[in-house]
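2 protein chains.
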Amino acid sequence: MDLFDVVKFDSNGLVTAVVQDDASGEVLMVAYMNREALEQTLKTGRVTFWSRSRREMWVKGLTSGHTQTLKSIAVDCDGDALLVRVDQVGGACHEGYRTCFFRRAGADRQLEITGERLFDPKQVYRK
Amino acid sequence: MDLFDVVKFDSNGLVTAVVQDDASGEVLMVAYMNREALEQTLKTGRVTFWSRSRREMWVKGLTSGHTQTLKSIAVDCDGDALLVRVDQVGGACHEGYRTCFFRRAGADRQLEITGERLFDPKQVYRK
Numbered sequence: 000m001d002l003f004d005v006v007k008f009d010s011n012g013l014v015t016a017v018v019q020d021d022a023s024g025e026v027l028m029v030a031y032m033n034r035e036a037l038e039q040t041l042k043t044g045r046v047t048f049w050s051r052s053r054r055e056m057w058v059k060g061l062t063s064g065h066t067q068t069l070k071s072i073a074v075d076c077d078g079d080a081l082l083v084r085v086d087q088v089g090g091a092c093h094e095g096y097r098t099c100f101f102r103r104a105g106a107d108r109q110l111e112i113t114g115e116r117l118f119d120p121k122q123v124y125r126k
Numbered sequence: 000m001d002l003f004d005v006v007k008f009d010s011n012g013l014v015t016a017v018v019q020d021d022a023s024g025e026v027l028m029v030a031y032m033n034r035e036a037l038e039q040t041l042k043t044g045r046v047t048f049w050s051r052s053r054r055e056m057w058v059k060g061l062t063s064g065h066t067q068t069l070k071s072i073a074v075d076c077d078g079d080a081l082l083v084r085v086d087q088v089g090g091a092c093h094e095g096y097r098t099c100f101f102r103r104a105g106a107d108r109q110l111e112i113t114g115e116r117l118f119d120p121k122q123v124y125r126k
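Chains A and B are the protein sequences, given in the same order.
At position 48 of the first sequence (counting the first as 1) the number is 47 in numbering that gives the first Met the number 0, and the numbers step up by one without a gap.
At position 23 of the second sequence (counting the first as 1) the number is 22 in numbering that gives the first Met the number 0, and the numbers step up by one without a gap.
Mixed in with the good hints there might be a few duds.
A pair counts as met if it fits within one copy or between any two copies, since identical chains are not told apart.
Straight-line Cα separation of at most 25 Å, SDA-like style, residue types lysine to any residue; simulated pairs [as the list claims (entries may be wrong)]:
{"#": "1", "residue 1": "Lys7", "residue 2": "Glu55"}
{"#": "2", "residue 1": "Lys7", "residue 2": "Glu94"}
{"#": "3", "residue 1": "Lys42", "residue 2": "Arg125"}
{"#": "4", "residue 1": "Lys121", "residue 2": "Asp9"}
{"#": "5", "residue 1": "Lys70", "residue 2": "Val6"}
{"#": "6", "residue 1": "Lys121", "residue 2": "Thr43"}
{"#": "7", "residue 1": "Lys7", "residue 2": "Arg125"}
Calculated from the structure, these hints are not laboratory results.
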């Protein structure tokens with residue numbers, strides 16, 4: 000069965016994409032794909048999203064060099080979420096961390112920084 | 000810093016929750032929490048969502064026995080996604096699989112069932 004027969008895009012034309020490091024299993028980020036971003040990701044092998052804030056196609060790593068190469072895409076039972084396994088170069092997070100989920104809390108709700116910071120965003124994203 | 004100072008609920012009062020098996024690193028499912036579900040999850044240690052389809056609080060595993068015990072919650076850089084690490088009993092997916100992401104495709108888009116089926120939904124959810 001074709002992936003596109005199962006994926007359900009929402010009323011904004013988007014599907015949730017969870018990105019996981021294929022080697023380590025670390026969850027790196029959550030973003031959104033429209034049909035074009037999903038098609039482009041499959042065609043190019045370069046993971047591509049739809050940026051809701053910038054309202055444009057977003058080839059991950061195009062600015063920073065921290066690209067994501069596609070390994071596989073899984074779809075959930077409802078068809079409204081994707082699990083995108085990737086080879087991540089550098090840090091997935093624009094704040095310089097390997098993962099966007101770099102702050103963690105337990106039952107006491109207090110956040111601790113648990114992620115590894117790999118780069119200084121000021122050096123990577125300067126104009 | 001308190002987790003609730005960072006989490007951003009959307010216009011429907013929801014935040015995306017990615018659930019990951021704490022032991023294996025497997026991504027099990029994506030669901031949604033409102034403030035009450037997140038508070039209840041932290042208070043009880045029993046992972047609880049807001050069901051968008053049923054429009055009610057949803058204590059995972061209450062019907063099936065396939066509960067999720069909270070290990071930790073990480074929040075992403077934007078505050079609009081949570082990574083909930085759990086001890087999963089049985090299968091997370093109502094279709095009987097360990098993970099809801101039981102179908103996977105490569106660049107050819109063709110889906111294969113890669114997940115492990117643990118139970119027959121007809122036996123678990125019968126009335």
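How the hints compare with the structure:
no.: 1; hint: Lys7 / Glu55; verdict: both (20 Å within a copy, 22 Å between copies)
no.: 2; hint: Lys7 / Glu94; verdict: between (31 Å within a copy, 18 Å between copies)
no.: 3; hint: Lys42 / Arg125; verdict: neither (30 Å within a copy, 43 Å between copies)
no.: 4; hint: Lys121 / Asp9; verdict: neither (35 Å within a copy, 29 Å between copies)
no.: 5; hint: Lys70 / Val6; verdict: within (18 Å within a copy, 30 Å between copies)
no.: 6; hint: Lys121 / Thr43; verdict: neither (29 Å within a copy, 41 Å between copies)
no.: 7; hint: Lys7 / Arg125; verdict: neither (37 Å within a copy, 27 Å between copies)
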